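Novice: Chain by chain, the residues:
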Amino acid sequence: MLNCKVNGKEIKVKQGTLVIDAIKQADYDVAHYCYHPGLSVAGVCRLCMVKIGDNPRLQIACNTPVQEGMEISNEDEQVKDAVKWGLDFHLINHPLDCPICDQAGECELQIQYMKFGQYDPEMAEKKVKKRKVVDLGSKIVLDTERCILCSRCVRFTDEVSKTNELGIFNRGDRSEVGTFEDKPLENDYALNTVDICPVGALTSKDFRFRQRVWYLKNQSTICTGCSTGCNVKVYYNEEGLFRVKPEFNEDINGYWMCDQGRDVYKFVNKDFRLLEAQSVTEGQAEPLSAGKAAQLAGEKLKELTKVNGPESVGVVVTGQYTNEEYESLFDYMVNKLKVKNIYHWVNNSDTMDDFDGLLLRGDKNPNTYGLKEIMKKYSIQTNMSDLEGAIKSNTIKTIVVAGPENQAVYPDFNERASLFSQASNLIWFSAGPVSAATSKHTLVIPTKTYAEKSGTYVNYKGTHQSSHKVTTIVRGALSLSDSVTLMSGESILTKPVGPQKAMKTNFFVNKSGEL
Amino acid sequence: MSIVKKPDWKANWYLIGIFSGLWFTLKTMVINIFNKDKMPTVNYPEEKYEYGPRFKGNHVLTVKKDGSVRCTACMLCATNCPANCITIAAAEHEDPTVEKYPISYEIDILRCVFCGFCEEACPVDAIRMGPEWQTPGLGHQDFHYDIQKLAYRANLKGGVLSRVDDEERHHAGI
Amino acid sequence: MAEVKIITEHYDKDEFISLEGYKKFDGYKMLKKAFKMSPQQIIDEVKSSGLRGRGGAGFPTGVKWGFLPDNGEERYLLCNADEGEPGTFKDRKMMERAPHQLIEGMIISAFAVNSHKGYIYIRGEYSYAAKVLEQAIKEAYDAGLLGKNILDSGFDFDLDIYRGAGAYICGEETGMISSLEGLKGQPKLKPPFPAIKGYLGKPTIVNNVETLASVIYILRDGVDGYRKYGTEKSAGTKLFSVSGNINKPGTYEVPLGYPLMDLINNECGGLKPGRKLKAVIPGGSSAPVLTAEECQKANMDYESLAQLGSMLGSGAVIIIDDSNCMVDMLNVIMHFYHHESCGQCTPCREGTGWLHKVVSSISSGTGRLQDIDLVDEVASRMMGRTICALSDAAAMPARAFIQKFRNEFEFYVREGRSKVKGVTDAQL
Amino acid sequence: MEAFSDDILVFIKKECSRYETRRSAIIPCLYKLQEKRGWISPEQIGQLAVAMDIPPVQINEVMKFYTMFNQQPVGKLHVQVCNNISCTMNGSRELTDHLCKTFNVKSGEVSSDGRVTVSKVECLGSCDTAPMMQINDEYYENLTPESATKIIEKLGK
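Protein chains in written order, with the working numbering: chain A, 66 to 580; chain B, 2 to 175; chain C, 164 to 591; chain D, 1018 to 1174.
Hints are computed from structural coordinates only; laboratory data are not their basis. Note that the structure is predicted; figures quoted are calculated from it, not measured. It is possible that part of the hints are untrue.
[What the hints assert, rightly or not] Not close to chain D: a few residues of chain C, all C-beta gaps over 10 Å, as computed: (1) Lys-168; (2) Gln-203; (3) Phe-222; (4) Pro-223; (5) Glu-246; (6) His-279; (7) Glu-302; (8) Gln-349; (9) Gly-432; (10) Ile-481; (11) Gln-533; (12) Leu-537.
[Stated by the list, open to error] Quick list of simulated restraints, FRET-style, between CB atoms: (13) Glu-187/A x Val-99/B: 26 to 36 Å; (14) Glu-93/B x Tyr-443/A: 23 to 33 Å; (15) Gly-528/C x Asp-1070/D: 46 to 56 Å; (16) Ser-203/A x Leu-111/B: 35 to 45 Å; (17) Lys-77/A x Val-1067/D: 29 to 39 Å; (18) Ser-1129/D x Asp-147/B: 27 to 37 Å; (19) Asn-1159/D x Lys-294/C: 18 to 28 Å; (20) Gly-159/B x Leu-353/A: 53 to 63 Å.
Don't be surprised by glycine CBs; every beta carbon is placed ideally from N, CA and C.
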């Protein structure tokens, strides 16, 4: 451990810490654009200037390791002047695009300008014009004029994704970021470049112009796209989820996430959801509330197990639920109903162990390992392939399916659904609509998605991660554990869910006294 | 909760009030008959009052030289609106020099408090408070103003030109 | 005191270019002497001779060599022949007239720093010099002066030539290393310095052509013989490239500490008739300009020029007489730096462009009075804020021009034309 | 698109093993490509990237960084007039203007017959013989507008 002083505050840092990290550790702000802890040091934005000791020449904090007894100051007048001018140099050729720029609201230039700048521009000459709205494939739009050439994205494609698409061409203030001959930027991690872009030069086509960022709230959760279990932040408002960004976790995903994980928010939104329960009896559909449906399902199961015996009930579980939900489901099935035919529905057994070397895994379920643990705990050893025969031979007459939240990653979804429909009774827990479930007596109960419930997921290496509820999208949906509670005849404490309005903060309204 | 009060004894002297009221009415009527010019009221709807140029009436969306809406869908007006009455949906324009434009821009005029914050927040002079103040309508739908109404209603005669021109700014090197 | 020809002694002889001719004039004799010494002895000799880098920064060569870490890693010796500083052409002369001198200097230096691989990084425009050097290297290989076991000393040294492709910034040592690695020629962050981590992450020594050639003569004349010329802190002789409005422009070798006016009037034959000296840029375009009065007391050595607020730089003396407009001159210089900034660090990338725009708006007659102060202010904020010294190199002349010739700039802004007759609007 | 001829492929292979890293061979290979036509097209970069097994963007970065690689077609005689400080003082602007007028081109453009490109460049390191110009690889020094025209016309024959 090393001792150093940041703006007079004494702190201890690890050996090899950079000054910029030490300043952050001491809770001081330090302006920087090019430095990113997940990438190599470029040292080109020249904003993280600090004064070290009495050295009259300012140093950049991102390329200076802390030494014992170092006295660091970034609130010195000299430093402030350097930052103000550094910012000015960044801004003189930056276009006035804030009104149409997606980054506005979370743009580092805006943040630093409000802090250090707030002056009239001194530049009277013309700005350098560069190319705008360059289409870089299906994911990203590039605006070279807005780019401040921090080279973060270039370093990302060089060092992290190792795909080498991006480069900086020409020199001087004619420098332009881009790909060779505007080739599309289509690697599996391309959208990380959008995240690390401190300005609006790289924007995501998916999010582009859909919302202004200040209308969105964010909450940390876990990506359920695959068994890696990246830590993510979802951005949402009362209309639904809008985007997903990675959050730093040294053990799981570092600073990054894959592009497939960024699409995982989509099935959560209302358009793709089952809004209320449905009971279909011989083709006659009847909508009913989820709670009612769960109670009905409970009664039905009780009766059926009594009449046909617990062996006639098959339970199919996917690896997309939380540990808590599995626990309650298994407890109910095994201990209460004595049902032991519990099957693990594996969606893509061929590609299950695929791994691209960075984050992306072939197992597209967040909690396969949690499910396996539970199955072991209840000592259930079944094989999904047995189920087909059992249905065909009519030994299993009732099937309860804890279906996938994200049906898109289940290529065999419809095929399986029609198989399950051969049983005379089908109870299906699903987040999205299940049109292929056409059994004689079908009950489809809407469930909550990962963003709407708290719970624990176990990733590929056995790390237990708990995620918290983000928001409620479908008010009529139940979590699996709540449904099980209702099925077993108990009541759940339902809190009345009022309209969740993300009230926007209005400067003038909140500070009315200052007007 | 309302409390019923018993009438005061003074209320019995209401006749004085009635007559003094009648006298005032009569007096003003006579003055107005013989001194018509100084009468403060106008004969609405035959006559209409001229408001000052800074009057904040119904909103106008300005247009560019080519006639399209100037608004860039930056949402600053919607953010700034204390009554929460502006709803904008943005989209990508096929012309890369425009880039972003509103496919729908709605003002719920019944919620609007005519404070003018939207006008002040606008960075490109796209929204102004116009001189109109008559806003009759038959149902709720008539009070949701869309782009058609805000920018191209008949009395704007093809739209009001915005003072901020992209091309001029481009030539000036901004 | 007059011109002292040590390095350039035989430059007027055409046969000096070939190996045979070079050997006739004691060529490669010092190499044999060097092999009899120990590397440390050579380093000490160079250190005590007081030889300073001739490329521009003037860093003591022996000290630089001493920085190499002793960890058994492979070391590289790079010769910086990317002479891009406007006004400088001495290295080109050296390579064209005496390629073997450079090769010999490099072998000796490589022996001293124990490096077995060297590159001469020559700027792309010097295609003739590159051809001459390539031929000379071939000759040297054939004669056993390069390659394995040179002259039976047991020392191996491979030398190759690498052509740049037109970037001033590659004259900066880390920029040159980047370029040699096949990257864009953008300078690298320091620390680590090249002597610790340079070419391909290995310890690397980068020296100028003239510096490497000087090593031969330090060995020949010994420390005392070398120190006979020059001043205490700036020892030896130096090549000056004199150009501009002068009768006899060219390369002149004079001892350091030589008075500037003597150089102009004696060696270079004075100014053209009827012209008056207005200013001199003493060390290439990045050196702050000297006014005519300052020139009178300027001596051509590192300290004297530093005292006057300028620098010796690469030894490119640009003489400006009174027929030139200073606004115009600054515009040319700013155009150069705007064109050559590598675009890595923001203050330099944007600042050089900004300075050029402001100065050219003054010289096109649309400038404002506050622009003059703006140039000074912008330039002052560019100094010392970037990875390499290019932004300083752009800022220093800008500030010096504004400070020393302010009235000319003010006149230009007020009247919209140059104070100097005959100079029209900038045609740049 | 024309495939690389064998001698170019051999050259690329040789250069790739000549230096410590393969990337170092980018500049020599680009010189080689430029030799033939006077400029380098994006297609050629793509081919070179395949031949050298280096991402094309890195070759493109290098090519666009250095001014000596032409990204546009140039005339048979690429006349580069130094316009830096010493040459300006000795009349390089007049020289450039004169050449542009004589050959009816704008600075940086190819003449209509495709023979001459006149461009302004930064210091070429021949300040003692200002004004000077470089035609393709050769230096021509101590010029006057008339002598420069003569030289170009002679070479153009």
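Novice: Against this structure, judge whether each hint is valid.
Specialist: Consistency of the hints with the structure:
{"no.": "1", "hint": "Lys-168", "verdict": "holds, 17 Å"}
{"no.": "2", "hint": "Gln-203", "verdict": "holds, 27 Å"}
{"no.": "3", "hint": "Phe-222", "verdict": "holds, 22 Å"}
{"no.": "4", "hint": "Pro-223", "verdict": "holds, 26 Å"}
{"no.": "5", "hint": "Glu-246", "verdict": "violated, 5 Å"}
{"no.": "6", "hint": "His-279", "verdict": "holds, 12 Å"}
{"no.": "7", "hint": "Glu-302", "verdict": "holds, 19 Å"}
{"no.": "8", "hint": "Gln-349", "verdict": "violated, 8 Å"}
{"no.": "9", "hint": "Gly-432", "verdict": "holds, 12 Å"}
{"no.": "10", "hint": "Ile-481", "verdict": "violated, 6 Å"}
{"no.": "11", "hint": "Gln-533", "verdict": "holds, 27 Å"}
{"no.": "12", "hint": "Leu-537", "verdict": "holds, 23 Å"}
{"no.": "13", "hint": "Glu-187/A x Val-99/B: 26 to 36 Å", "verdict": "holds, 29 Å"}
{"no.": "14", "hint": "Glu-93/B x Tyr-443/A: 23 to 33 Å", "verdict": "violated, 52 Å"}
{"no.": "15", "hint": "Gly-528/C x Asp-1070/D: 46 to 56 Å", "verdict": "holds, 54 Å"}
{"no.": "16", "hint": "Ser-203/A x Leu-111/B: 35 to 45 Å", "verdict": "holds, 42 Å"}
{"no.": "17", "hint": "Lys-77/A x Val-1067/D: 29 to 39 Å", "verdict": "violated, 53 Å"}
{"no.": "18", "hint": "Ser-1129/D x Asp-147/B: 27 to 37 Å", "verdict": "violated, 56 Å"}
{"no.": "19", "hint": "Asn-1159/D x Lys-294/C: 18 to 28 Å", "verdict": "holds, 22 Å"}
{"no.": "20", "hint": "Gly-159/B x Leu-353/A: 53 to 63 Å", "verdict": "holds, 55 Å"}
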